Amino acid sequence: MIIRNDENDKYTAADQMVVAGAHQIRPDDVVYVGLGLPFLSALLAKYTHAPECTIIIENGIVRTTGFELPRATDTLGVQFMSDQLTGLFYVSSLGQAGHITTGFIGAGQVDRYGNVNDTCVGDYYRPSHRWAGSGGANDVMSFCRRTITMLRQSQRRFPGKVDFITCPGYIDGTLGSREKAGLLPGTGPAMVITDLACYTFENGEMVVKSVNSSVGATLEKVKEEVGWDIKVAADLTDTTPPTDEEIRVLRERVDPRRIWVGGKRTPIGKD
Amino acid sequence: MIIRNDENDKYTAADQMVVAGAHQIRPDDVVYVGLGLPFLSALLAKYTHAPECTIIIENGIVRTTGFELPRATDTLGVQFMSDQLTGLFYVSSLGQAGHITTGFIGAGQVDRYGNVNDTCVGDYYRPSHRWAGSGGANDVMSFCRRTITMLRQSQRRFPGKVDFITCPGYIDGTLGSREKAGLLPGTGPAMVITDLACYTFENGEMVVKSVNSSVGATLEKVKEEVGWDIKVAADLTDTTPPTDEEIRVLRERVDPRRIWVGGKRTPIGKD
Amino acid sequence: MNKVMTMHKAISRFVTAGDTLFLSGMQHGEPAAAVHEIVRQKIDRLTLVSVLVATANLLIGEGLVDRVLTGYTNQDERSYAVVKARDAGRLPVFEEYSHFGISLVLLAGQMGIPFIPTRSEIGSDMPKYNKNITSVKCPFTGEYLGAVRAVNPDVGIIHVQRCDAEGNAQKWGTMGVDVEGINASKKVIVTTEKIVDADVIRRDPNRTIIPSFRVSAVVEQPFGAHPMHLAGCYSGDMWGYYFDTGPKENYESYVKELVYGVKDWDEHLKRKAEIKPPGYFENFRINAVESDPIITGY
Amino acid sequence: MNKVMTMHKAISRFVTAGDTLFLSGMQHGEPAAAVHEIVRQKIDRLTLVSVLVATANLLIGEGLVDRVLTGYTNQDERSYAVVKARDAGRLPVFEEYSHFGISLVLLAGQMGIPFIPTRSEIGSDMPKYNKNITSVKCPFTGEYLGAVRAVNPDVGIIHVQRCDAEGNAQKWGTMGVDVEGINASKKVIVTTEKIVDADVIRRDPNRTIIPSFRVSAVVEQPFGAHPMHLAGCYSGDMWGYYFDTGPKENYESYVKELVYGVKDWDEHLKRKAEIKPPGYFENFRINAVESDPIITGY
Chain A
1 MIIRNDENDK YTAADQMVVA GAHQIRPDDV VYVGLGLPFL SALLAKYTHA
51 PECTIIIENG IVRTTGFELP RATDTLGVQF MSDQLTGLFY VSSLGQAGHI
101 TTGFIGAGQV DRYGNVNDTC VGDYYRPSHR WAGSGGANDV MSFCRRTITM
151 LRQSQRRFPG KVDFITCPGY IDGTLGSREK AGLLPGTGPA MVITDLACYT
201 FENGEMVVKS VNSSVGATLE KVKEEVGWDI KVAADLTDTT PPTDEEIRVL
251 RERVDPRRIW VGGKRTPIGK D
Chain B
1 MIIRNDENDK YTAADQMVVA GAHQIRPDDV VYVGLGLPFL SALLAKYTHA
51 PECTIIIENG IVRTTGFELP RATDTLGVQF MSDQLTGLFY VSSLGQAGHI
101 TTGFIGAGQV DRYGNVNDTC VGDYYRPSHR WAGSGGANDV MSFCRRTITM
151 LRQSQRRFPG KVDFITCPGY IDGTLGSREK AGLLPGTGPA MVITDLACYT
201 FENGEMVVKS VNSSVGATLE KVKEEVGWDI KVAADLTDTT PPTDEEIRVL
251 RERVDPRRIW VGGKRTPIGK D
Chain C
1 MNKVMTMHKA ISRFVTAGDT LFLSGMQHGE PAAAVHEIVR QKIDRLTLVS
51 VLVATANLLI GEGLVDRVLT GYTNQDERSY AVVKARDAGR LPVFEEYSHF
101 GISLVLLAGQ MGIPFIPTRS EIGSDMPKYN KNITSVKCPF TGEYLGAVRA
151 VNPDVGIIHV QRCDAEGNAQ KWGTMGVDVE GINASKKVIV TTEKIVDADV
201 IRRDPNRTII PSFRVSAVVE QPFGAHPMHL AGCYSGDMWG YYFDTGPKEN
251 YESYVKELVY GVKDWDEHLK RKAEIKPPGY FENFRINAVE SDPIITGY
Chain D
1 MNKVMTMHKA ISRFVTAGDT LFLSGMQHGE PAAAVHEIVR QKIDRLTLVS
51 VLVATANLLI GEGLVDRVLT GYTNQDERSY AVVKARDAGR LPVFEEYSHF
101 GISLVLLAGQ MGIPFIPTRS EIGSDMPKYN KNITSVKCPF TGEYLGAVRA
151 VNPDVGIIHV QRCDAEGNAQ KWGTMGVDVE GINASKKVIV TTEKIVDADV
201 IRRDPNRTII PSFRVSAVVE QPFGAHPMHL AGCYSGDMWG YYFDTGPKEN
251 YESYVKELVY GVKDWDEHLK RKAEIKPPGY FENFRINAVE SDPIITGY
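Protein chains in written order, with this note's numbering: chain A, 1 to 271; chain B, 1 to 271; chain C, 1 to 298; chain D, 1 to 298.
With the rest of the complex left out, here is chain A (with noise of 0.2 Å):
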C-alpha cells in the first residue's frame, strides 16, 4: 500500500479527502454535512475560503459559526449558538425545495452511476452484508444540487451496479433517469472522493478527475479499486494537495482533540 494513512506523515489520505472536500464548498453555499469526513470538510471550508457558508445538519440545526468538531452528530456543542434549531422536517423541506446546494454524505458502495447502496449486498431478504440504511443519505442525494459521496476506495466499494439504491445518482445513466423518477432537474451527485482519487460525472457516468497523488496514488491503483473499467476524464489532474495553512487549520482550529485522525473517530469520551 502506497497511501499515506500514517500519523507520522505530514497529512493523510483521510486530510487529503478532507481537504478535496472543503475544496468543494463555494462562498455563499448552503451545506448539508453529517458526521465524520464531511465535518471537518465543512469547518475547514468555514475556517479557511468560506466563512459566510451555511452548515446544515439534519437533527434540526442551521448554523453560520464554527463549532467544536463532535465525536456524534448531535451533541450540545454543536447545537451551542446556531442560527436556528428546529427538525429534520424542517431543514430536509429546505433540501426538498431547492435551498441546499451542496450536500455530502458517505456511503457503503457507490457504483458506476453514482448510485449509493447503504443498504445490503445480496438479496434484499438474505443479505450477505447489511450497512445501517438510508438515514439521511436518501434526502440528501435526493435534493441537493450538488451531492458529494465520501469514501474509502475498494473494489468492493465501487461495483459496476449495486445490489440495492438507497441513494439515486444516475440511476441507469440514461439521460433523464433521475427526472423520469420524478427527482428535479439540475440535482444529483457532482463528485465521489474517495482516499485515492476525486470522481465527477460525464453524462451520468462517473469518470476519474483528479488522483491523489500526493498522498502516493496512482492512476493504475485507482483503476485497480474500481469495479468496472471506469474512463478517465479528459482533463485528468493531480488533486490538488493540502496547503500548508490547510493542516495548520485542520490540526489546530478543527480538529484541535484529534477527535477524527485518520478519518476515524477516537475512542469513547464525553459527547
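None of these hints come from the bench; they were simulated from the model.
Since the structure is predicted, the reported quantities are computational estimates derived from the model, not experimental observations.
Where hints are given, some of them may not hold.
Stated by the list, open to error - Which residues of chain C face chain B? A few of them, derived with a C-beta cut under 10 Å, are:
| no. | residue |
| --- | --- |
| 1 | Met5 |
| 2 | Val51 |
| 3 | Gly63 |
| 4 | Gln75 |
| 5 | Phe94 |
| 6 | Phe100 |
| 7 | Asp125 |
| 8 | Met238 |
| 9 | Tyr260 |
Said to hold, decoys possible - Derived lysine-lysine pairs resembling BS3-like cross-links, with alpha carbons at most 25 Å apart:
| no. | chain 1 | residue 1 | chain 2 | residue 2 |
| --- | --- | --- | --- | --- |
| 10 | B | Lys221 | B | Lys161 |
| 11 | D | Lys128 | A | Lys180 |
| 12 | C | Lys128 | B | Lys180 |
| 13 | D | Lys3 | A | Lys161 |
| 14 | B | Lys10 | B | Lys221 |
| 15 | C | Lys131 | D | Lys137 |
| 16 | C | Lys137 | A | Lys180 |
| 17 | C | Lys187 | C | Lys9 |
| 18 | D | Lys128 | D | Lys3 |
| 19 | A | Lys180 | D | Lys131 |
| 20 | A | Lys180 | D | Lys137 |
| 21 | C | Lys137 | D | Lys137 |
| 22 | C | Lys3 | C | Lys186 |
| 23 | C | Lys137 | D | Lys128 |
| 24 | C | Lys131 | B | Lys180 |
Stated by the list, open to error - Over 12 Å on every C-beta distance to chain C, these chain B residues come out as not near it, computed from the model:
| no. | residue |
| --- | --- |
| 25 | Arg178 |
| 26 | Asn203 |
| 27 | Glu205 |
| 28 | Val208 |
| 29 | Ala233 |
| 30 | Asp255 |
| 31 | Gly263 |
| 32 | Arg265 |
Don't be surprised by glycine CBs; every beta carbon is placed ideally from N, CA and C.
Once you have looked at the hints, place chains B, C and D on chain A.
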C-alpha cells in the same frame, strides 16, 4: 317583533343564544371559536360548568384559562398567558386529525341540510350579494366532531338550498353524503342556534329542537322565518333559559366592558 | 452578510411588478410599513397571498393587484378599496380557499412539492370556481381527498420583533401562516422592530423562523406593524384603521396624507400622531411581562 | 386536570402490548427512562417508530418488537441486541424509509391525511420492499411523485426540559421528529426533567410543542434522557451506552443490573453511578448560558 332585544330587559335574544351555545360545551370539550357570540359562549361555559375546556382560536391560540373579551379575534389580551401559541396550520391540523370536539361558526345563510353559505347569493360571478368567504368556517365544519352554527334568523338567511356551499353540512341530505365527499364519519353540523330557536339534525335534515320562548319566540314565528316547511322534533321543548347566575357571569365576568351588547360589537376602541 | 437597508431600497430592489407577494401577519404584526412603501412605489400587477392582512386593502384600492389568493376578503360595497378598484377596472380576481387551504398551498410551497392533500374544501362549492383545488385518490386507501396546488411566492414580507443584521428572524405570539408563507417564498424581506446582536438570536435559536441565507433584506422599522398589534411591543388599532380607510372620503384622505404625502414610515407615524387625538400612540403601550429564560450551553 | 403520575403507572396504563409506539429524541433527549420501564414491564409485540433512538435497542434485544419503521438501524452482527432477537425468533421486520420519510409519515399522521407526497425515496429501491412507499400523480402538473402512508402511533413518548402538571410540554434544542411524532400519536406520555408552574409555560407559550388536552400522563423524571444529552440540562454518553450494550456480555450485564435489577430510574441512576468511575454523572454538567427573555403582555 316580540323578541327581546332591549337592553332594559334582564336578558336579550342574543344572551339566550350565548347561553344556549355555552350549554353545548361539555366539561372536557376542545372548542374552536371565532369572534362574536361564540367567544361569549366559550367564556361563559369556562366560567360556569366547563372550567377545564380547551379554547382554540384559528390564528394559533390554545388556552385553558379565560381571557379579556376582545373586539377582534387576535389581540394581545387573547394571546396573553395562553397554554400554546402556534399558527393556523397547527391548530387546523388538530381539527383535521379529529382532536377538536366542538366548533362554532357564524353564517351568512344556512339551509335545510345544514350547509352554510358565507360566499354569495346568486351567480358566483354576478352575485346579488357577497359575503367575505369561508375564513376558517369551512375548516371547522369539515373537521369538528360537532359544529354549531350561530346566526340571527330570517327567512332570507334560512333558504331551502343555499346558492353556494361554503361549509358542507349534510350536503344534499342523503345518507353518507359527507363521507362520499371525502369528509370523515362522525363529523358535521350538530346544532343551529338563532335568536328564535335551536335546531338539531335528524337524518341529515334540520329540525326545530327548542323554541326560545324565554325571549318571546313562538313556534309559529320560528316557522315563518324558515324558507322551507321545516320539521319539528318529536320532543320539542322550550330552550333552557339563562339562569340569573349565567346572566350575572356574562355581565360581570365575560363581558364587563359591554363590548358585545346585544350580540353586536360596540364602537371602535383599542384592541 | 449584512443585509440591512432602508425600506425604500428593500422594496424597490426585491419587489417587482407582476410578482406573487406573500404578506405575513394574520391579524398579528403585519408588515404595514412595507405595504405602504409598495403603494408609494406603485408596484403593480401583483398576485397577493395573505390571511387577514388589514393594509392589503390599500394595494387593492390603488389598483396594484391582479389576483388575490384568499380565504376572507370584503368584496362588497362597504369596502371603498374594492369599489375604487372596480371603478378603475382594476378589480382583482379572487381565488378563494378556506383559511386552512391558504396555509396548505404555502406549506406545499415550503416543502417543495406541487400539491398537498386535505379534507378541507372538498365538500364545498369552492373547487368548482378555483382550479387550484381539486381531488386526489389516496394511493394506499383508495379514498378521495381534496388537493390544493402549491404556491411559491416570488417575495414574502414579514415583520418581526427581532432579527440580526444577517436576517435570522424571530417572531412570537400568534403565528398565523407566517412560517409557511415566508419559508415558501423565493425572496424574503424581513422588517423588524429592532436589529439585535446575533448572539441574542443564538442564545435562543429555536425561536428563529427563517435562517439568514433565505433572507434578502433586513429593514429596521419600529412600529412597523401599526395599526396592528405586535406581541411584546404594542397593541393595535385595527378597527380604527378600517374606519380610516373604509368610507370613500376617509380612504382618499388617508392615502393622500399618510401614504403619498409622506416619504417614509417614520414620517407616516409623525403625521398620524398629529392627525389623531393626543396620546394616540402612547395608548398602545403594554404592561410588559417577561418570560423565564431558557438555558443552553455545553 | 393534573396528570402527574409515576413512570410505572404511566407506562402500565397507557402502553399496551401490540401498540405502535413513537419514541421522540433523535439523538437529543430521548425518553430513556420510559424505555427502560417498558422493558421492565415486558410490554411486547410493539411496532416502533423513531429516528436514531439509542435505547430502542433494548426493546429489540428483549424481544418486545414486531416491526420497526426506520431510516437507520444496526441490523448486523455487531449489535448483540439484533443477534439476541434473531436467536430468540423475535427479530422485527424492518420497514425502511429515509429519515425524511419517517418525518413525513408522522407529519401526515399529525395532519390527519392518509398520505403525503414527496420527492424523497422515489429514485431508490426502498419502495420495492416497503409497501407504504409508493408513487402518486400530481393532479395539477401530471408529474409523478413519491407518496408515503400516514402513521398514527397508538402512543408517543417524549422527554422534555419542562412541562406543567396538565401536560403543556416545552422542549428546545434540536427537535428531530419530535413535533410531528407526538402530535401524530393518539395518546401522549410526557416525561420531564421538571414539572413547572403553568405560568412558566404561559409566559412563553410559543415554546409549547403539544397542548395539555393531547397529553395523557406527565412524569417528572430528572436525568430521564440519560445516556443522551438534553439541551440546558446535561451532556451525554451515547458512545459509552453503545459500548455498555454492544457486545453480548456487556449487554446482558446491563439489562440484568440496570434494567431488571432496579425498580425504577432513580435506582438505575444510583446503581450506574456505583458501577461507573467516580464523577461519571458530574462530568455531564454544562456551562449554562441564559437566553434573553421575551416580552408579552397587553
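(request) Verify the proposed pairing of lysine 137 of chain C with lysine 128 of chain D, using a straight-line Cα cut of 25 Å. (result) holds, 21 Å
(message) Check the hint pairing lysine 131 of chain C with lysine 137 of chain D against an upper bound of 25 Å on the C-alpha distance.
(response) Roughly 17 Å between the alpha carbons, so the hint for lysine 131 of chain C and lysine 137 of chain D holds.
(message) Take the shortest C-beta to C-beta distance between phenylalanine 94 of chain C and chain B; is it under 10 Å?
(response) At about 8 Å, which falls below the 10 Å cut-off, the nearest Cβ of chain B leaves the hint on phenylalanine 94 of chain C intact, so it holds.
(request) Against chain C, does glycine 263 of chain B hold up as non-interface, every C-beta pair farther apart than 12 Å? (result) holds, 17 Å
(request) Compare the distance between the alpha carbons of lysine 3 of chain C and lysine 186 of chain C with 25 Å, and conclude whether the hinted pair is satisfied. (result) Cα-Cα ~16 Å, so holds.
(request) Just double-check valine 208 of chain B for me: nearest Cβ-Cβ distance to chain C has to come out over 12 Å. (result) Nearest chain C Cβ is 25 Å from valine 208 of chain B, so the label holds.
(request) Mind checking the alpha carbons of lysine 180 of chain A and lysine 137 of chain D for me, to see if they're no more than 25 Å apart? (result) holds, 13 Å
(request) Would you check the hint for lysine 128 of chain D and lysine 180 of chain A, treating anything up to 25 Å between C-alpha atoms as holding? (result) holds, 17 Å
(request) Measure nothing beyond the straight line between the CA atoms of lysine 137 of chain C and lysine 180 of chain A; if it is 25 Å or shorter, mark the hint as holding. (result) Cα-Cα ~22 Å, so holds.
(message) Against the 25 Å threshold, does the CA-CA distance of lysine 3 of chain D and lysine 161 of chain A hold or violate the hint?
(response) violated, 56 Å
(request) Mind checking the CB of aspartate 125 of chain C against every CB in chain B and telling me if the closest is under 10 Å? (result) holds, 5 Å
(message) Does valine 51 of chain C hold up as a contact with chain B if the rule is Cβ-Cβ below 10 Å?
(response) This hint holds: valine 51 of chain C lies near chain B, its Cβ roughly 7 Å from the closest one there, short of 10 Å.
Figure legend: structure checked against the earlier numbered hints; hints not met, in rising order: 1, 3, 9, 13, 18, 25 and 32.
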